[in-house]
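Q: We have chain A already, so just place chain B with the ligands on it with the hints.
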Amino acid sequence: MSGYLSAQLSILCLNIIIAYAIFLPAASGQLNLGAGGFAIIGGYLGGWLNSDFDGLGLAMQLSIPLAALATAAIAFLLSFPILRTRGVYMVLATFAFAEVVAGIVLNLEVVGGAAGFPVDGHADLSVLAPICVMVVVSCFLLMSTRFGLAMRSVHDDENVASLFGVNVHWVRVAAFTLGGLLGGLYGALYGHQYNYIEVQNWNVMFSIYVLLYVLLGGTQSPFGPLLGALFFTVVPELLRSFGAAVGSELIADGRFAIFGALIVLMMAFRPEGIVTRTMLERLMGRGAREKGAT
Amino acid sequence: MTALLSLQSISKRFGGLTVIDDVSFNIERGTRSALIGPNGAGKTTLFNLISGVYPIDHGSIVLDGRDFADIPAHRRGGYGLSRSFQNIRLMPHLSTVENIMLGQHARSSTIGMLAPLGLWRNRWVREAEQLLADAGLSTFPGQVVADLPYGIQKRIEVVRALAARPKLLLLDEPAAGLNPAETDELLKLLESISAQGVTLLIVEHDMHFVSRLCQQVVVLNFGRLLFQGTPAAARRDRAVLDAYLGSDHAA
Ligand SMILES: Nc1ncnc2c1ncn2[C@@H]1O[C@H](COP(=O)(O)OP(=O)(O)O)[C@@H](O)[C@H]1O
Ligand SMILES: [Mg+2]
Numbered sequence: 001m002s003g004y005l006s007a008q009l010s011i012l013c014l015n016i017i018i019a020y021a022i023f024l025p026a027a028s029g030q031l032n033l034g035a036g037g038f039a040i041i042g043g044y045l046g047g048w049l050n051s052d053f054d055g056l057g058l059a060m061q062l063s064i065p066l067a068a069l070a071t072a073a074i075a076f077l078l079s080f081p082i083l084r085t086r087g088v089y090m091v092l093a094t095f096a097f098a099e100v101v102a103g104i105v106l107n108l109e110v111v112g113g114a115a116g117f118p119v120d121g122h123a124d125l126s127v128l129a130p131i132c133v134m135v136v137v138s139c140f141l142l143m144s145t146r147f148g149l150a151m152r153s154v155h156d157d158e159n160v161a162s163l164f165g166v167n168v169h170w171v172r173v174a175a176f177t178l179g180g181l182l183g184g185l186y187g188a189l190y191g192h193q194y195n196y197i198e199v200q201n202w203n204v205m206f207s208i209y210v211l212l213y214v215l216l217g218g219t220q221s222p223f224g225p226l227l228g229a230l231f232f233t234v235v236p237e238l239l240r241s242f243g244a245a246v247g248s249e250l251i252a253d254g255r256f257a258i259f260g261a262l263i264v265l266m267m268a269f270r271p272e273g274i275v276t277r278t279m280l281e282r283l284m285g286r287g288a289r290e291k292g293a294t
Numbered sequence: 295m296t297a298l299l300s301l302q303s304i305s306k307r308f309g310g311l312t313v314i315d316d317v318s319f320n321i322e323r324g325t326r327s328a329l330i331g332p333n334g335a336g337k338t339t340l341f342n343l344i345s346g347v348y349p350i351d352h353g354s355i356v357l358d359g360r361d362f363a364d365i366p367a368h369r370r371g372g373y374g375l376s377r378s379f380q381n382i383r384l385m386p387h388l389s390t391v392e393n394i395m396l397g398q399h400a401r402s403s404t405i406g407m408l409a410p411l412g413l414w415r416n417r418w419v420r421e422a423e424q425l426l427a428d429a430g431l432s433t434f435p436g437q438v439v440a441d442l443p444y445g446i447q448k449r450i451e452v453v454r455a456l457a458a459r460p461k462l463l464l465l466d467e468p469a470a471g472l473n474p475a476e477t478d479e480l481l482k483l484l485e486s487i488s489a490q491g492v493t494l495l496i497v498e499h500d501m502h503f504v505s506r507l508c509q510q511v512v513v514l515n516f517g518r519l520l521f522q523g524t525p526a527a528a529r530r531d532r533a534v535l536d537a538y539l540g541s542d543h544a545a
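The listed protein sequences correspond, in order, to chains A and B. Read in the numbering used here, the first sequence has 239 at position 239, and its numbers run on one by one without any break. Read in the numbering used here, the second sequence has 529 at position 235, and its numbers run on one by one without any break.
Hint data in this document are derived by calculation from the structure and do not stem from the laboratory. Just so you know, not all the hints are guaranteed correct.
[Stated by the list, open to error] In silico contact screen, one side only, chain A against chain B (beta carbon under 8 Å); selected entries:
#, residue
1, L149
2, D156
3, L163
4, F164
5, Q220
6, R277
7, E281
[Stated by the list, open to error] Computed footprint of chain A on chain B, listed as stretches where at least three residues anywhere in the stretch have a Cβ under 8 Å from a Cβ of chain A:
#, stretch
8, 345-354
9, 437-449
[Unchecked claim] Derived CB-CB ranges, DEER-like:
#, chain 1, residue 1, chain 2, residue 2, range
10, A, V133, B, N416, 20 to 30 Å
11, A, G87, B, P443, 25 to 35 Å
12, A, S2, B, N416, 44 to 54 Å
13, B, I405, A, V133, 24 to 34 Å
14, A, P130, B, D478, 35 to 45 Å
15, B, R369, A, I208, 34 to 44 Å
16, A, S144, B, D361, 50 to 60 Å
17, A, A268, B, P435, 55 to 65 Å
18, A, G247, B, P386, 47 to 57 Å
Here a beta-carbon is modelled for each residue, glycine too, at the ideal position from N, C-alpha and C.
Pulled out of the complex, with its shape left as it was, chain A reads as follows (with noise of 0.2 Å):
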């Protein structure tokens, strides 16, 4: 396999991975902009479990599995506050608790501060594939459960989730923290991949294009988050090489205005996101039809 097409396979497993971290709560209802501050807790704490110099010298085994499960708790005990905030507060709310994160761990010296830290060893593709499966696999299996139907309904009305015996506070938090455990692997698995993480590669920007990438996928089905993400992979790659290809600098480096404008039209044409149950039906019904026809 060629280095670039590598490279760009393992930028899709990551994205792919942090946009689950998203789409968990974002199918109860919970809109999160804290990926920046999960995937820096995830990346520092991986980093440095796995340090011989700086840390602990733990195996890439290790050290990214504790990672997410040390980012999990986190989120877990961060989910009381954050939870009692809705809609654009819990934004507000999720932004800030990033913030917070990038604040603490610019200043912390052990971890390198603003200069950045590097990260010993080294997770490549054939790490990342088997695992951004596993969390596809996991998820579509967790949405298929009572669990999932709890959380799409906690999504559509909590009230009435409530009075059919969900336990509207506990699907919340599960989902938080899942999506917190997605987070944190997902840090950790970047700072072995890139061997070097700084702050800056999560700021603001990186949780905003996390959540619009899983609100444009779809938070309906667990196929969204993955449209998504090939979405905001891909395209603006594929812009890239095809202004390189006709020979247009105005594509090529303008590419970001382009996969803008393409965003604000599918906004305006599927509010939805691109992955509705709507669809998704029409696509399985036409199918069972032309079964039953033959």
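A: Just chain B with the ligands, lined up with the frame of chain A:
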């Protein structure tokens, strides 16, 4: 034998407005009762108090010997209570079968939360499909409910509430907005639910519907209990007639 549902002088105020005022009545096991009263009488609020949407200010609610005072809304289903809503409150992004499976939620164990529902036809899915079939709604299992007609959604509400296998089923205006054919379907459905031993308490305006289905009528007016008795007696009762016709006479 004690009553299935026992309300003891319950009251509820919203701000300065007393919406439920010292209401007491019993519902016997296996019976079909109607809760009627003019708009704004407090019928929906009474359902909200029984199901735990709001706490009561005063009094007690006892279902099957269990005092509901300290039981949060999400645990009341486990004690045999289920309800439908006056304005359709189905989950718009869930399919019909998934909405019914939400109705089953209170019957599932904690471990059961993590058993996949959608991958193969397990007992929950089969049961949900059977409930829909029994209600004559089997043509729509995979359909997202937001795309279904009003009359169908209205009946799915009833089936979802039934999926909780309640002892007491509270139905808030299940026949509102249905055409005569749909109303007949609903009556048949409610009769078959009652035949299974489920106790029914139904808010309904149409006295003809009430007379056909219910043995007992409870009348609320301005949050107060006005009358409790048979439908025939209610039609003759002076206070009930005044509550319903008084404003018409004045107008
Ligand atoms: N959450 C609430 N806050 C304030 N007032 C309410 C609330 N719910 C109901 N009410 C008031 O209580 C009264 C009874 O309403 P409701 O129970 O819906 O009547 P009904 O179902 O008999 O038509 C109305 O005056 C209504 O405005
Ligand atoms: Mg009402």
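Q: Are the hints correct? Go through all of them and say.
A: Hints and how they fare:
{"no.": "1", "hint": "L149", "in the structure": "holds, 6 Å"}
{"no.": "2", "hint": "D156", "in the structure": "holds, 4 Å"}
{"no.": "3", "hint": "L163", "in the structure": "holds, 6 Å"}
{"no.": "4", "hint": "F164", "in the structure": "holds, 5 Å"}
{"no.": "5", "hint": "Q220", "in the structure": "holds, 5 Å"}
{"no.": "6", "hint": "R277", "in the structure": "holds, 5 Å"}
{"no.": "7", "hint": "E281", "in the structure": "holds, 6 Å"}
{"no.": "8", "hint": "345-354", "in the structure": "holds (count 3)"}
{"no.": "9", "hint": "437-449", "in the structure": "holds (count 4)"}
{"no.": "10", "hint": "A:V133 - B:N416: 20 to 30 Å", "in the structure": "holds, 25 Å"}
{"no.": "11", "hint": "A:G87 - B:P443: 25 to 35 Å", "in the structure": "holds, 31 Å"}
{"no.": "12", "hint": "A:S2 - B:N416: 44 to 54 Å", "in the structure": "holds, 45 Å"}
{"no.": "13", "hint": "B:I405 - A:V133: 24 to 34 Å", "in the structure": "holds, 26 Å"}
{"no.": "14", "hint": "A:P130 - B:D478: 35 to 45 Å", "in the structure": "violated, 58 Å"}
{"no.": "15", "hint": "B:R369 - A:I208: 34 to 44 Å", "in the structure": "holds, 39 Å"}
{"no.": "16", "hint": "A:S144 - B:D361: 50 to 60 Å", "in the structure": "violated, 38 Å"}
{"no.": "17", "hint": "A:A268 - B:P435: 55 to 65 Å", "in the structure": "violated, 33 Å"}
{"no.": "18", "hint": "A:G247 - B:P386: 47 to 57 Å", "in the structure": "holds, 49 Å"}
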